[in-house]
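Novice: Could you put together the complete structure from these sequences and hints?
Residue numbers (this note's numbering), protein chains in the order written: chain U, 7 to 248; chain C, 7 to 248; chain L, 7 to 248; chain Y, 7 to 248; chain Z, 7 to 248; chain E, 7 to 248.
Misleading hints may appear alongside valid ones.
As the list claims (entries may be wrong) - The following label-pair restraints were derived from C-beta to C-beta distances:
1) Gly105(U) <-> Asp74(Z): 23 to 33 Å
2) Pro173(C) <-> Glu235(Y): 55 to 65 Å
3) Leu203(L) <-> Leu233(E): 27 to 37 Å
4) Ala205(C) <-> Pro96(Z): 22 to 32 Å
5) Asn174(L) <-> Asp74(Y): 28 to 38 Å
6) Glu127(E) <-> Pro96(U): 50 to 60 Å
7) Asn174(L) <-> Leu233(E): 20 to 30 Å
To be verified - Partial chain Z-side listing against chain U, Cβ under 10 Å, derived:
8) Leu37
9) Ala86
10) Pro173
No lab work stands behind these hints: they were computed from the structure. Fair warning: this is a prediction, and the values are worked out from it, not measured in the lab. Glycine residues also receive a C-beta, built at the ideal position from the N, C-alpha and C atoms.
6 protein chains.
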Amino acid sequence: MSEIAGRMAVEIGAHYLKRPGPGRGMLLGGLPGVPPAHVVVMGSGNVGKNSVRAAVGAGARVSVLSIDGDQLRDLEELYAGRVETVLSSPQVNANVVAGADLLIGAVLLAGRKAPVVVTREMVASMGEGAVIVDVAVDQGGCVETTRPTSHVDPIYVEEGVVHYAVPNMPGAVPRTSSLALTGLTLPYILRVANDGLAAAVLADPALRRGVNVYRGHVTSAAVADSLGEPCTPVEELVGDAG
Amino acid sequence: MSEIAGRMAVEIGAHYLKRPGPGRGMLLGGLPGVPPAHVVVMGSGNVGKNSVRAAVGAGARVSVLSIDGDQLRDLEELYAGRVETVLSSPQVNANVVAGADLLIGAVLLAGRKAPVVVTREMVASMGEGAVIVDVAVDQGGCVETTRPTSHVDPIYVEEGVVHYAVPNMPGAVPRTSSLALTGLTLPYILRVANDGLAAAVLADPALRRGVNVYRGHVTSAAVADSLGEPCTPVEELVGDAG
Amino acid sequence: MSEIAGRMAVEIGAHYLKRPGPGRGMLLGGLPGVPPAHVVVMGSGNVGKNSVRAAVGAGARVSVLSIDGDQLRDLEELYAGRVETVLSSPQVNANVVAGADLLIGAVLLAGRKAPVVVTREMVASMGEGAVIVDVAVDQGGCVETTRPTSHVDPIYVEEGVVHYAVPNMPGAVPRTSSLALTGLTLPYILRVANDGLAAAVLADPALRRGVNVYRGHVTSAAVADSLGEPCTPVEELVGDAG
Amino acid sequence: MSEIAGRMAVEIGAHYLKRPGPGRGMLLGGLPGVPPAHVVVMGSGNVGKNSVRAAVGAGARVSVLSIDGDQLRDLEELYAGRVETVLSSPQVNANVVAGADLLIGAVLLAGRKAPVVVTREMVASMGEGAVIVDVAVDQGGCVETTRPTSHVDPIYVEEGVVHYAVPNMPGAVPRTSSLALTGLTLPYILRVANDGLAAAVLADPALRRGVNVYRGHVTSAAVADSLGEPCTPVEELVGDAG
Amino acid sequence: MSEIAGRMAVEIGAHYLKRPGPGRGMLLGGLPGVPPAHVVVMGSGNVGKNSVRAAVGAGARVSVLSIDGDQLRDLEELYAGRVETVLSSPQVNANVVAGADLLIGAVLLAGRKAPVVVTREMVASMGEGAVIVDVAVDQGGCVETTRPTSHVDPIYVEEGVVHYAVPNMPGAVPRTSSLALTGLTLPYILRVANDGLAAAVLADPALRRGVNVYRGHVTSAAVADSLGEPCTPVEELVGDAG
Amino acid sequence: MSEIAGRMAVEIGAHYLKRPGPGRGMLLGGLPGVPPAHVVVMGSGNVGKNSVRAAVGAGARVSVLSIDGDQLRDLEELYAGRVETVLSSPQVNANVVAGADLLIGAVLLAGRKAPVVVTREMVASMGEGAVIVDVAVDQGGCVETTRPTSHVDPIYVEEGVVHYAVPNMPGAVPRTSSLALTGLTLPYILRVANDGLAAAVLADPALRRGVNVYRGHVTSAAVADSLGEPCTPVEELVGDAG
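Specialist: Written out as structure tokens, the structure is:
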């Protein structure tokens, strides 16, 4: 689902940069003689990578910031000069964000609250009519000024900047999402249906990693950590149940 | 301006394919394992060319139909296998349009009414939740079911298909449009300001071609033809004024 | 060798689509104004990946079907919109195969019989003069209508569709094959020649994995499984021999 | 039709480089660690351009020789380092052709006999099992050792080199050819059918250029020149007929 | 020759950005995590186009400024989002040049003095250790601070910025230059040698355009204009000589 | 740092191929009608990979030689026909190197002396005015004729071939190098500063691998092997220190 969100984020940003509405009135890809919009992607994980790809496809100028040197190397290799890769630090981030036309918040940590990497001050530095799409809103957002919105009333303006922060973005493309989910989860569902949950979980490590709560016990270390609760490995619980 | 409209058409189509709203709920570029949307561009002139480019950038499957073999050859050369080029005829068009997810109407003739190349029946064959963006609406539209809408209330549904048909699409990106217009028209404006309109028109053939009406006389052959009025070459009128 | 077979399969398909002969009389890459042939690659492993690459190079429209979501993701990333990636299931396969001009059977499992993923009914749905190249023929074929042919008499027609199913396809390009084999196997040969087989097998895990039978015992789990025989790890046998 | 022939030439060359048969036993595109075949295209017109494109797609090393600096510039711009462009002269040609794996003869002059740019000596320098596809055979061939063959018995070996020299190559892909011809000629046919030949020829310069003989008079300067006959402009003849 | 100079300019700029020497100590193409240098190309003619291409190849961030909208459109089409195209005006130029790492002066008018489009103030705004390569130095330079240097002592520093301004840059790659010149001029030389100068000039318009002075008369309008001398068409002089 | 050296090597080679100086007087990327220089990269590790990329960007003809089949496969996949990949062996190397215009020595083994893969005889076969950049000079060089030079006097000529062999090449681009190093090492430095060296080394395997000597003991197996000294795992030493 993070691939969907990453790709959608650019389409959504392009939409809200246009008028009527509070956006800047720009075409993401520019024109001959008119430079394109500057898209800044915060994060180089699965969401960020897909946003970079979509922004490149749309013809924007693209910068991607991350603390993960290996992911930046992969992006630099794939896009060979087409994308500016930047090792992230608070000072560097402030410089790159100032004047950005579209910022995509894509800093997510599996099962944890997202860290805030874009401060209110940095938001203000983007200027009137810029747009932020904070994909990390599902996990609290990685932009200080983010608050969740809905598919029906998706945006608000703060510090002059349009914010889009709808949790569960893939809900807007149900046909694509469900085709992807069906294709990918069918093997797991068949396994659980055939073998029972306990046996399936014991036999398949990928399935095991997907279990967050089991019979009232938190079984994911990350979730347990975030909630301040103890974590019990699912293998133990399932073994008991056997 | 046709470059802006051509590029915008794909962003707009991508937007209305998403939910909530009457669209199909698809991501234009698909996902690994889920095929992308099928974008059909009718026309290979300046609007069509720019729509093709934007649709390719967005990762869609793209077909372009035209009666102009040379323009198709250029597109095929530039996109080498990435775009399906099709010589247009009523029978072929019907086959290609059926099942398209997004159709872009880009058949425009300078200063004339656009021909209708997509019939109501073909629109119905696209199916529920498909989207049409008729860029030719400024000249009457090249889709039978097109009627003009506005930036404030831009879409309607007919035959189950979402129609976007806002005249003057570049009005939605005033910053980009005005930068382009300023850059491109400044030399002409300076010439008119310095030399007077009559002298400038006599001296500069490009400027001369841009004059449609002069002192109450129609000076453009295409406009005259459409209105059923006589056409007077601007050189003669300007000469009189000299 | 699977790289050779994968790339050759497209050249061979292109050849048998042409006349004289029972093929459809099409140019794989199409022309400006004439859409290219539709190539469907079943399988995204080493053979499939190389077929996809060759088909893209030839300018065809390309779909690749697989149950391996990760391999599809890699292909989608590499070809960015140029190739349609599809998560495979019996229903989906039938839809995609119908009307294909060239189908490449590339579903192979190391050391096992290939599963049949294309039924006789699906073959018939391709229509007169379509072409199938079943690279999996070395392992029984992944198309129901496949039977082995030879380099001298390589094709037959069944259900109206041309079948090419020559085992050991790389035998047709001996210069390329032997250069590749020499370059890649020389280090192993030198090791065996210098150290003796037993010592070399003990020291080099890659070499060990390549031993299928040793002194009359089946040493490969996959081979043993297919034959219904017991499997003895080669380390034990070699240790005995020491 | 020259586009079809240019693209087909590479597929055909790839086929005859393979065994069984007298070819070299090579894979056009090579393998990781094994360099690809060297394809030399003589001529940069419509045939040559399409052969270059197909050879690049197939992964070959490609050199194109021509006396037309502008066409070479266009190719160099389009393929940016992927193709070696060489200004042709007898000495240079001999160096480049020696050792080529596949040579494509694509030097054609509209309506004239092709000049011989590859001598018997140069053919011999290619070595055993190399392949020549002489697309210019329709106009006498641009290779000294070329003699016409047929779709049924398409090749012969001379100086150790496989020669393919079938006139009317597009006849092997009738489906593609006839779609292209129908699409491109339909407008002319309709015009002639509606207006009569004389009126259509007078009104349409493109149609006029296509008339080689009219009522027993040679009307094409190139054809007249080749045959040593006088040339009468078709306008005059048609005017008489009017 | 302007193609050579355009491509060389980027290699030379890359060299002087490195240490030891007064340059900024940067790698033109950057690294994963470190943005590349910003190359600004002034002019989109033959020199500018080739500089853009070389700078893109080197992995730099590239902006190209020009007053020629058509040339910018071509560049934007070819490089699809990889290059920032900017319609030039004094205000815009100042903004883009400030902070550039490498500026390439490529504003040349055939046979005329180059206009100064980069002022001393703009040079100073680039900052310490930036580099300017003024290809227009052959025609006086398009940068205010340019003065001619030599292949032996090619650079000087002014306003903190390294200037390279060697006239006749192609002299540094004599092998490449002479191959190109021989290939391109041989047909003209043969014609003059065979037919005599007068006849050749009369028969070949391309040759005629290349004559700047003939028997003491200026025959090129541009040269005459620059020198304030009258211009005599070469046809007249040659006709007299006949 | 090997990325910097790999990319710089091509820029440096391009510079020394130009005049004045002992180089061949060639433009690396050639011209329309004039083939580009042939760049041969020995080695496909991090240095080699980056040299290949830069040479491709510069428009050269590129061959890369290596004994690592997997790395060649990756390069072949990434550059699809643009780069010739060759499995290295003494005989093959001699053939490929003969006549190369620029050779980049990029065979480095972590912490060991580089093997000599280019003999004096092979150097001589390159011919007058060719250029060698031996990036492996930091580890003794992989070319027989290499001897270390300095940034101030970087080249010498031997066997007619220009040699560049400056250890610590990244020292020429201090701005780029230090940005990269700061970004990449900051996390490690912070960890050591916060936790103390012993604790940090115990906790972080990446840091542990970077320790070559600790309290007078060699802790890197590769370094110990090269020096003929015993190797003590750093974990033991640190544990003792605890």
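Novice: Each hint needs a verdict: does it hold in this structure or not?
Specialist: Going through the hints against the structure:
{"no.": "1", "hint": "Gly105(U) <-> Asp74(Z): 23 to 33 Å", "verdict": "holds, 28 Å"}
{"no.": "2", "hint": "Pro173(C) <-> Glu235(Y): 55 to 65 Å", "verdict": "holds, 59 Å"}
{"no.": "3", "hint": "Leu203(L) <-> Leu233(E): 27 to 37 Å", "verdict": "holds, 35 Å"}
{"no.": "4", "hint": "Ala205(C) <-> Pro96(Z): 22 to 32 Å", "verdict": "holds, 26 Å"}
{"no.": "5", "hint": "Asn174(L) <-> Asp74(Y): 28 to 38 Å", "verdict": "violated, 45 Å"}
{"no.": "6", "hint": "Glu127(E) <-> Pro96(U): 50 to 60 Å", "verdict": "holds, 57 Å"}
{"no.": "7", "hint": "Asn174(L) <-> Leu233(E): 20 to 30 Å", "verdict": "violated, 51 Å"}
{"no.": "8", "hint": "Leu37", "verdict": "holds, 8 Å"}
{"no.": "9", "hint": "Ala86", "verdict": "holds, 7 Å"}
{"no.": "10", "hint": "Pro173", "verdict": "violated, 31 Å"}
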